[in-house]
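Given only the sequences and the hints, what does the whole structure look like? Please build it.
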Amino acid sequence: MNISNPNQIGIFLIEDDDIDAMSIKREFKRRKIANPITRAKDGVEAFEFLASEKLNYPFIILLDLQMPRMNGLEFLTKLRADSDYKNSVVFVLTTSPDKQDIFNSYELNIAGYFIKDEVGEGLIGIVDILDGYMNLVHLPKMLN
Amino acid sequence: MPKRDEFRIQILKKYNILDSDINDLFDDIVVLATEGCDKPFAMVSFIDTDKQWVISQVGSFPSKIDLEKAFCAHTVIQTDVFEIFDTLLDDRTKQSEFVLEAPNIRYYAGVPLINSDKQTLGTLCVLDTKPHILNKHQKIMLKLLAKDVVSQLELRKKNYELSKLKDLYQMITENNPDLIFAKDSDFKILHANSAFLSLYPEEIRDKVIGYTTLEEFDEQEAEAFLVQDRLTFEQGKTETLEKIAFPTGEIRTLFTTKTRFEDDEGKAYILGVARDVTEREELIEMLKKSNSDLDEFAYIASHDLKAPLNAIKRLVSWIEEDAGEVLQGDSLEHFGMIKNRINRMNMLLKDLLDYSRVGKNDGLPQKLNLQETARHCYQLLDLAEDFVINVDDIDVVLPKLPLELVLTNLMSNAIKHHDKKSGHIIIKCKHIKNDYQISVTDDGPGIAPSLHEKIFKKFQTLKPRDEIEGSGLGLAMVEKALANHSGKISIKSDVGKGATFVITWPKQEATSK
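Line by line, the protein sequences give chains P and L. Numbered according to the numbering used here, the first sequence spans residues 29 to 172. Numbered according to the numbering used here, the second sequence spans residues 4 to 516.
Among the hints, a few may not be true.
What the hints assert, rightly or not - Calculated pairs, DSS-like style, for lysine-lysine (alpha carbon to alpha carbon, straight line, at most 25 Å): (1) L:K433 x L:K510; (2) L:K67 x P:K144; (3) L:K353 x P:K69; (4) P:K127 x L:K67; (5) L:K353 x P:K127; (6) P:K53 x L:K510; (7) L:K363 x P:K127; (8) P:K144 x P:K53; (9) L:K342 x P:K144; (10) L:K353 x P:K144; (11) L:K483 x L:K495; (12) L:K363 x L:K309; (13) P:K53 x L:K342; (14) L:K121 x L:K67.
What the hints assert, rightly or not - Anything over 12 Å on all C-beta distances counts as not near chain L; from chain P, calculated: (15) S51; (16) L78; (17) Y85; (18) N99; (19) A109; (20) V117; (21) Q128; (22) I130; (23) A139; (24) V165; (25) L167; (26) P168.
If you are wondering where the hints come from, they were derived from the structure by calculation, not from laboratory data. For glycine and all other residues, C-beta sits at the position ideal for the given N, C-alpha and C.
Below, the structure written as structure tokens:
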């Protein structure tokens, strides 16, 4: 098995709620998962980060849907049209169980749709999956 | 004089005899009387206390005669044919000016005019210048003619009363705000009151009676009228609530009742009465909207309030994880109270959310076993206490969700508010006419009658929430769920005697198994 160096994969968390962001960071910390996490507060800030050199590691995106300025679906649409980042791996992590949201997200080629419960207790399982995923996955290399 | 005129006017009024047609009214009869009795003179008169009023006559007698001089004064005090065979030989008449002067009357025969109320109105009489005697046939004829005078008068009176009644009905119809109309079997409008007519523009109002007016309406609307009309001819009676765009451009909501009726020849017609309920329907619409706004508000508010509360909950649990050991004494106790209040707030919001959702997705009535349903609800309550639940093994046809909500809340209340760790709940169901009567009885501490009204109020709890956790929405929710299905709940209880909640739930048609 060809295992890539987990240290090289990080998480780009796009989430407007501080506590939700903290919950994820906390869970990573508690599990001693060392992969770096960078957080943007909405789609607009996320694109600012992508344009800057802030993310200097390969990453998977963990995307909330309900956000101010540019929401998750708008971000995804713009991302898939972006020549540099159109192939990014995106997981949606949201409180919305709405069928239309799920459908629309997969239409934009997400890798998975997770529903976080309001109390944040389901997060453990999700972090498990992300941990395993990051350990084993091969991401497309940047071609530039 | 006014008194006499009054009498005359009264009679004329009563029998609707107008001054203009009064003179020839009984002309035929007086002519018949002269010919039948073979006498030169005859007259019909009304008689009051001191005058005789001649209405029709053959002859040239004055139109009013003082009663003391009138022969007829003797006729009206009896009921049969009154004859004076020779006026010169009769003490009552021999001094009369009609006898001594022209026309020198020698013979008189009169019949009183007696109406159906046994009132004597006047006389029909014949007179001659020679002494005479009427034969039997002439007497009978005179009586018949007198009867005919009275019948004519009575007929006029009835006609007059009828026309008055018709005027009254006309007035009622015309002043009725409801639209009243009649149609024949060709859907032509035969009659319409002014409320109905006012829905047409003034320039076509004379083209309503005798027309179907269907071309004035939208094709679909016109077709809907016809469908309803045909149905009325078939079934005899129909009712519809319809929104109609009238030719004036006004859009009104009408509640229309159409009734079939038939004329003497068996021809069928429709009587329509349409009540304008536009304002009422608008109010209902507004109420519905404001209710749904309120529901939506409760839903959104409770949902949005939950998010920060959950954030607090997480933060508190992190503090506990990170620095729990630092907390001691009062602080530890206060920390526990924070967590407790968070849970209470959560429960309040959850119940508020549930309350706002009551009745949203009740589903259709279905056949349910009451025992199984209650057992299922009890299991979901997931309580530590050991309670015995006895439920009638009976099938009911009710919507599942509200039934579960009602049973769950009532059982949960019975257990939560019980003064002992174990107890007994009995659930019974009876069929009472078109209702189910479901009763939930517990052997708990009971509730004082003075508090019975209070317990159904929103956010009302009988004990501090620190003693028994509860949002105070449970029974309010039960009441709301029942109200959505026209059901009711009441309580029978007293302190120390347990409590029985009695639910009356109208039966509904089963739509699925």
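Each hint, compared with the structure:
This hinted pair checks out: K433 of chain L and K510 of chain L have alpha carbons roughly 12 Å apart, not beyond 25 Å. Pair hint K67 of chain L plus K144 of chain P does not hold up; C-alpha atoms about 112 Å apart against a cutoff of 25 Å. Taking the CA atoms of K353 of chain L and K69 of chain P, the gap is about 29 Å. The hint is violated against a cut of 25 Å. Only pairs whose Cα atoms come within 25 Å are accepted, and K127 of chain P paired with K67 of chain L is rejected, the gap being roughly 103 Å.
For the given pair, K353 of chain L sits about 23 Å from K127 of chain P by alpha-carbon distance, which is consistent with the 25 Å threshold. The suggested pairing of K53 of chain P with K510 of chain L is violated, with an alpha-carbon distance near 56 Å, which exceeds 25 Å. A threshold of 25 Å between alpha carbons decides the hint, and for K363 of chain L with K127 of chain P the separation of about 19 Å falls inside it, so the pair holds. Taking the CA atoms of K144 of chain P and K53 of chain P, the gap is near 15 Å; set against the 25 Å cutoff, the hint holds.
Straight-line distance between C-alpha atoms of K342 of chain L and K144 of chain P comes to about 22 Å, which keeps the hinted pair within the 25 Å bound. Taking the CA atoms of K353 of chain L and K144 of chain P, the gap is near 18 Å; set against the 25 Å cutoff, the hint holds. Under the criterion of a C-alpha separation no larger than 25 Å, the hint pairing K483 of chain L with K495 of chain L is consistent with the structure, at around 19 Å. Under the criterion of a C-alpha separation no larger than 25 Å, the hint pairing K363 of chain L with K309 of chain L is consistent with the structure, at around 21 Å.
Between the alpha carbons of K53 of chain P and K342 of chain L the distance comes to roughly 23 Å, so the proposed pair stays at or under 25 Å and holds. Distance restraint check for K121 of chain L and K67 of chain L: the Cα-Cα separation of roughly 24 Å lies within the 25 Å cut-off, and the hinted pair is therefore satisfied. Against the 12 Å criterion, S51 of chain P falls within the reach of chain L, whose nearest CB is about 6 Å from its own CB. Every beta carbon of chain L lies more than 12 Å from that of L78 of chain P, the smallest distance being close to 28 Å; the non-interface claim holds.
Chain L leaves Y85 of chain P outside its interface by the beta-carbon criterion, the shortest separation being 27 Å against a cut-off of 12 Å. The beta carbon of N99 of chain P sits about 16 Å from the closest Cβ of chain L, which is more than 12 Å, so the claim that it is off the interface holds. Every C-beta of chain L lies more than 12 Å from that of A109 of chain P, the closest at about 32 Å, which supports listing it as non-interface. Every CB of chain L lies more than 12 Å from the CB of V117 of chain P, the least distance being 27 Å, so the non-interface label holds.
With 12 Å as the threshold on Cβ separation, the claim that Q128 of chain P sits away from chain L holds: the shortest Cβ distance comes to roughly 18 Å. The Cβ of I130 of chain P sits about 19 Å from the closest Cβ of chain L, beyond the 12 Å cut-off, so the non-interface label holds. Interface exclusion of A139 of chain P from chain L stands, the closest Cβ pair being 26 Å apart, more than 12 Å. Its beta-carbon lying about 29 Å from the closest one in chain L, V165 of chain P satisfies the requirement of being farther than 12 Å from that chain.
Chain L leaves L167 of chain P outside its interface by the beta-carbon criterion, the shortest separation being 31 Å against a cut-off of 12 Å. Listed as a non-interface residue, P168 of chain P keeps its Cβ farther than 12 Å from every Cβ of chain L; the least gap is roughly 35 Å.
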